[in-house]
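*Asks:* Sequence:
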Amino acid sequence: MKATVKWTDGRQFVAESGSGHSVVIDGPPDHGGRNTGPRPMELLLMGMGACTSFDILNILEKARADVSDCVASIEAERADATPSVFTKIHVHFTVTGRGLKEKQVARAVELSAEKYCSASIMLVKGGVEVTHSYTIVEE
Numbered sequence: 001m002k003a004t005v006k007w008t009d010g011r012q013f014v015a016e017s018g019s020g021h022s023v024v025i026d027g028p029p030d031h032g033g034r035n036t037g038p039r040p041m042e043l044l045l046m047g048m049g050a051c052t053s054f055d056i057l058n059i060l061e062k063a064r065a066d067v068s069d070c071v072a073s074i075e076a077e078r079a080d081a082t083p084s085v086f087t088k089i090h091v092h093f094t095v096t097g098r099g100l101k102e103k104q105v106a107r108a109v110e111l112s113a114e115k116y117c118s119a120s121i122m123l124v125k126g127g128v129e130v131t132h133s134y135t136i137v138e139e
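Going by UniProt numbering, 71 is the number at position 71 of the sequence shown; the sequence numbering is gapless.
Just so you know, the hints here were simulated from the structure itself, not pulled from any lab data.
Mixed in with the good hints, there may be bad ones.
[Claimed, not checked] Under the rule of at most 25 Å between Cα atoms (straight-line distance), these lysine-lysine pairs were calculated in the PhoX-like manner:
#1 Lys62 / Lys115
#2 Lys101 / Lys62
#3 Lys103 / Lys115
#4 Lys115 / Lys2
#5 Lys125 / Lys115
#6 Lys125 / Lys88
#7 Lys125 / Lys2
#8 Lys101 / Lys115
Nothing here was measured: the structure is a model prediction, and the numbers come from that model.
Turn these sequences into a full structure, and let the hints steer you where they fit.
*Replies:* Here it is, written out as structure tokens:
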């Protein structure tokens, strides 16, 4: 896997993935940025949320669950000292569908957290406390 990150000006960068997709990353004005894109740590958090959501949808699809929506709401705490690493992350999934079984959703969340989500597992191995919860919404 490869990526490039090119500085454009101020604290703005354009990152390009090895698969050819780009995203603007920027800082706040008080740090020389123009607020034109997510901060680097926000992007890391969003990537983790997408990674675990991807897993959950794959697992539920294989179980033939009728899922119409999946939203991961993520809250994180960071260390006060430099480096301001993540110390705690909580992911709450809101899974919407028809006839969803609580046991299936719980298992999908568990499998993602413990076996499949590379981003989340990497953060846990780095000392971040990552927790999960979910709500099932019947359509």
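*Asks:* Against each hint, give a clear statement of whether it holds in the structure.
*Replies:* Checked hints:
no. : hint            : in the structure
1   : Lys62 / Lys115  : holds (16 Å)
2   : Lys101 / Lys62  : holds (14 Å)
3   : Lys103 / Lys115 : holds (17 Å)
4   : Lys115 / Lys2   : holds (23 Å)
5   : Lys125 / Lys115 : holds (13 Å)
6   : Lys125 / Lys88  : holds (13 Å)
7   : Lys125 / Lys2   : holds (22 Å)
8   : Lys101 / Lys115 : holds (21 Å)
Hint compliance for this structure: no hint is broken.
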